[in-house]
Amino acid sequence: MAKGEIVMGALAPHPPHLVYAENPSQNEPVSEGGWEELRWGYERLRKSLADKEFDVIIIHTPHWQTYVGTHFLGVPHFKNLSVDPIFPNLFRYNYDLTVDVELSRSIHDHAAKTGLHVQMMENPDFRIDYGTITSCHLVRPDWDLPIVCISSNRSRNYFSVEVMQANMVKLGQATREAIEASGKRALLLSSNSLSHRHFTEEPEVPEDMSQEHITNHHQYLWDMKMIELMCSGKTREMIDIMPDFTEQTVAETDAGSLTWLMSALDFPEYQGEIHAYGTVIGTGNAIIGWDPASA
Amino acid sequence: MNAAVAGKEASLGEAVADEPTAANSVTLGILVPGLPHPLLCPEKNEGWQRVRDGFATAREQIAASGADLLVVYSTMWPSILGHQFQANPTPEWTHVDDDFHYLGSIPYKFRIDAKFAELAVTKAKARGLHARTVAYHGFPIDTGTVVALKLLNPDNELPATIVSSNIYANRTETTVLGKALRDAVEEQGRTVAAVVVSTLSNRLVTEPMEPADDHIHSLKDDEWNRKFLEYLEKGRLEDLSQLSRQFHDEARVPKVVAFKPFWWWAAFMGQANLYSGTVHAYEPIWGTGSAVVSLEPAGESTGDLEYDEDDPEFYSGDREVLDLHDAPSMGSLPGGNED
Ligand SMILES: [Fe+2]
Numbered sequence: 001m002a003k004g005e006i007v008m009g010a011l012a013p014h015p016p017h018l019v020y021a022e023n024p025s026q027n028e029p030v031s032e033g034g035w036e037e038l039r040w041g042y043e044r045l046r047k048s049l050a051d052k053e054f055d056v057i058i059i060h061t062p063h064w065q066t067y068v069g070t071h072f073l074g075v076p077h078f079k080n081l082s083v084d085p086i087f088p089n090l091f092r093y094n095y096d097l098t099v100d101v102e103l104s105r106s107i108h109d110h111a112a113k114t115g116l117h118v119q120m121m122e123n124p125d126f127r128i129d130y131g132t133i134t135s136c137h138l139v140r141p142d143w144d145l146p147i148v149c150i151s152s153n154r155s156r157n158y159f160s161v162e163v164m165q166a167n168m169v170k171l172g173q174a175t176r177e178a179i180e181a182s183g184k185r186a187l188l189l190s191s192n193s194l195s196h197r198h199f200t201e202e203p204e205v206p207e208d209m210s211q212e213h214i215t216n217h218h219q220y221l222w223d224m225k226m227i228e229l230m231c232s233g234k235t236r237e238m239i240d241i242m243p244d245f246t247e248q249t250v251a252e253t254d255a256g257s258l259t260w261l262m263s264a265l266d267f268p269e270y271q272g273e274i275h276a277y278g279t280v281i282g283t284g285n286a287i288i289g290w291d292p293a294s295a
Numbered sequence: 001m002n003a004a005v006a007g008k009e010a011s012l013g014e015a016v017a018d019e020p021t022a023a024n025s026v027t028l029g030i031l032v033p034g035l036p037h038p039l040l041c042p043e044k045n046e047g048w049q050r051v052r053d054g055f056a057t058a059r060e061q062i063a064a065s066g067a068d069l070l071v072v073y074s075t076m077w078p079s080i081l082g083h084q085f086q087a088n089p090t091p092e093w094t095h096v097d098d099d100f101h102y103l104g105s106i107p108y109k110f111r112i113d114a115k116f117a118e119l120a121v122t123k124a125k126a127r128g129l130h131a132r133t134v135a136y137h138g139f140p141i142d143t144g145t146v147v148a149l150k151l152l153n154p155d156n157e158l159p160a161t162i163v164s165s166n167i168y169a170n171r172t173e174t175t176v177l178g179k180a181l182r183d184a185v186e187e188q189g190r191t192v193a194a195v196v197v198s199t200l201s202n203r204l205v206t207e208p209m210e211p212a213d214d215h216i217h218s219l220k221d222d223e224w225n226r227k228f229l230e231y232l233e234k235g236r237l238e239d240l241s242q243l244s245r246q247f248h249d250e251a252r253v254p255k256v257v258a259f260k261p262f263w264w265w266a267a268f269m270g271q272a273n274l275y276s277g278t279v280h281a282y283e284p285i286w287g288t289g290s291a292v293v294s295l296e297p298a299g300e301s302t303g304d305l306e307y308d309e310d311d312p313e314f315y316s317g318d319r320e321v322l323d324l325h326d327a328p329s330m331g332s333l334p335g336g337n338e339d
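Taken in sequence, the protein lines are chains A and B. Our numbering numbers the first residue of the first sequence as 1 and each following residue consecutively. Our numbering numbers the first residue of the second sequence as 1 and each following residue consecutively.
Read the hints as simulated data drawn from the structure, not as lab findings. Note that this is a predicted model, so its numbers are computed, not measured. Quick reminder that beta carbons are idealized off the backbone N, C-alpha and C, glycines included. Check each hint, because a few of them may be wrong.
[As the list claims (entries may be wrong)] Keeping only pairs whose Cα atoms sit at most 25 Å apart, straight-line, the calculated DSS-like set for lysine-lysine is:
1) A/79 / A/3
2) A/52 / A/225
3) B/255 / A/170
4) B/150 / B/109
5) B/150 / B/125
6) A/79 / B/109
[Unchecked claim] Anything over 12 Å on all C-beta distances counts as not near chain A; from chain B, calculated:
7) 83
8) 189
9) 313
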């Protein structure tokens, strides 16, 4: 069996607004568009994946929050309705997806060997979180590939960003080892925004783009700093300043997704390709791809 | 008080109470934890069973209280766009907890008072809050609310209203929310049981554990919980409201900006210490301090009130540090704009 590989890793944020704006048949609410810069960014990411062949999408999601260890989907098929608890007016999505349970279990086992607390999620009634659905939909709207979905362990809440990162570095290594052992080709997604202070009110027309901007300049400057490091191959430095960034901008990097991705990619020194930066209800969102072939 | 604030307060009319009192319209307060173990597997741990029994006692108290509505404030339902009120008259789903999915699925069908939810939104807006109803099939009602309603109101004897907990809200916003709900209760002439879904100390055991080994995560958490329960037994609700920040610092993992439920509870029930409290259960559930407690209005106060915090009637939105001159007592900054 050939050694498995990561064909690309991507920062793929999940504001449900972007799915709402696309008006796919699976989503019940109807929009007039909006957030084009980010949606066009996802289009560019999809184009950059067009000549890649891969078997599975592995996603680390901030909206499946677990406190007792890191959990992995362990049921082969899920079909249900996902309603966003914060923006139910925008996101009520009928999903139908498959899970690569074999790879999921293998990452689980590799992670367990590193000392992480891990658990398979085997309840068929479990509802998939809207972050996973949004990022996967925007990257691969056909849903023709199985996914592996990894929960966000909230060690950041219990300890610190540093402890969270130490765990995510282990989880990233375990993910890479399991992929290599599987012989499969995988796309990895870190499903998170950067700065994450929302507005607490929504415009009457949510897609009214005259109302959309970053919550404050401070967040914008931090976002640009992080993007600059990611796009210039200084990902270790980016991880080093992650605790400050996360504290200062209440960033969604607290979930560990981006640290996990950087570790799985072995901290790329090659450039990440930025496809877009834009704000959604005040939060900062970047779409960035890392192609190991460009290393 | 500046003119703008005075005008807003005047527009609230009779909704603004002159003096803190225990509101007769809220005849009972119930605190319950939101973890699924007492519902799904009480037999696995004697303490979980005692919490389950505590729910049963609280259910009897609700029946005896004459309440015609349950108002549930759940710390496990976070919101960002102000506060949300459940307004689907018959939400129905099969719920699975994110962490404790292996304990099983929880099918539910609830009876929601949508009209009350709509009035509560109107009252919240009248007090400057951002609020809206949510009425969508499949809306994810949180584990804590599901557990509370399944155990306190299993046959949907009473209609319920559920209100979210805003992650960014602090004391002012949460206190005003409680008052807004009281406005709605009074306008409809309802008799209400106020249900708070919250653990005391919230630090879970973060490792796999046999149910028999459950324990409060630390002695310090346990001591703070017991101090809180002592106050609760004495009915000192407003005192606890004013101790919330301290409790947040001492016994809570900071997942949100502040420990809010007692601000809401006190504001909704009447900002007083005029209650008699009963602790029906206090046990660890996966490391957290999980208590079932009831508060009933009492004739006399058991503790002197010590008000050292603002008593806001109206929410004027987020303020930056330099917006202090907008606060009623601060006056204008030299050269500041008065708009
Ligand atoms: Fe998110």
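Hint-by-hint comparison with the structure:
no.	hint	result
1	A/79 / A/3	violated, 32 Å
2	A/52 / A/225	violated, 30 Å
3	B/255 / A/170	holds, 24 Å
4	B/150 / B/109	holds, 9 Å
5	B/150 / B/125	violated, 30 Å
6	A/79 / B/109	holds, 21 Å
7	83	violated, 10 Å
8	189	holds, 31 Å
9	313	holds, 20 Å
This entry does not satisfy hints 1, 2, 5, 7, going by the numbered hints stated previously.
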